[in-house]
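Novice: Using the sequences and the hints given, assemble the complete structure.
The lines below spell out each chain.
2 protein chains.
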Amino acid sequence: MSSFENVTVLTKANVYFDGKVTSRTVQFADGTKKTLGILLPGEYEFGTDVKEIMEIQAGELNVLLPGSTEWITISGQGEFTVPANAKFKLEVKTVSDYICSYIAE
Amino acid sequence: MSSFENVTVLTKANVYFDGKVTSRTVQFADGTKKTLGILLPGEYEFGTDVKEIMEIQAGELNVLLPGSTEWITISGQGEFTVPANAKFKLEVKTVSDYICSYIAE
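First to last, the sequence lines map onto chains A and B. Heads up: the first sequence is residues 160 to 264, going by the numbering used here. Heads up: the second sequence is residues 160 to 264, going by the numbering used here.
None of these hints come from the bench; they were simulated from the model. Be a bit skeptical, because a hint or two may be false.
All copies of an identical chain are treated as equivalent in the list; a pair is satisfied when it fits inside any one copy or across any two copies.
List time: in silico DSS-like cross-link candidates among lysine-lysine, alpha-carbon distance up to 25 Å [what the hints assert, rightly or not]:
no., residue 1, residue 2
1, K210, K171
2, K248, K192
3, K179, K248
4, K210, K192
5, K192, K246
6, K171, K192
7, K246, K210
8, K179, K252
9, K210, K248
10, K210, K179
Specialist: Right, here's the structure in full:
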């Protein structure tokens, strides 16, 4: 089973949209950070501070990347990248499990 | 901020009740395990395999322990213990953030 080893996990959850989006923060020895999160069905808009790589481990959702007019569909597994200081939209169809990597540039 | 250090975190979420209850598994160097979880509002029954100590970090919920007829109310923070091989019920009123410790005996 896939895992992150020798990491620090913050005990308190990150909670957004009345708990329909929640995540846990994982800190790595090299100073980098990821969150492990759950998206429940719904429509959301998120903003980034730094570049984010979103890896969907399971779920069905549509993604509208910044500057795009065309929705990307992810079914099962997939990945997309959002630049820093940008907004993106999600239409989540089924409970989705993600890993978000924050990339300081 | 409270954290677990030098741990292993499984990347895949544990998902129950259509995603209304989700958690992440954290493994410690001594072989013990905890989960960090989120409870969305709803009514749930859970079963234990081993003894569980449930620490509510935030949330409002009622707990019915096995063999009890009286609900316990937790508002904000609280803790309860469930023996192995038992069932307990939760009435979750607001999004709740918990740490569950699994105690092998």
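Novice: Does each hint fit the structure? Answer for all of them.
Specialist: Hint check results:
no., hint, in the structure
1, K210 <-> K171, "both (23 Å within a copy, 23 Å between copies)"
2, K248 <-> K192, "within (22 Å within a copy, 35 Å between copies)"
3, K179 <-> K248, "both (15 Å within a copy, 22 Å between copies)"
4, K210 <-> K192, "within (12 Å within a copy, 32 Å between copies)"
5, K192 <-> K246, "within (20 Å within a copy, 37 Å between copies)"
6, K171 <-> K192, "both (15 Å within a copy, 17 Å between copies)"
7, K246 <-> K210, "within (11 Å within a copy, 44 Å between copies)"
8, K179 <-> K252, "both (12 Å within a copy, 15 Å between copies)"
9, K210 <-> K248, "within (15 Å within a copy, 42 Å between copies)"
10, K210 <-> K179, "within (23 Å within a copy, 29 Å between copies)"
Hint compliance for this structure: no hint is broken.
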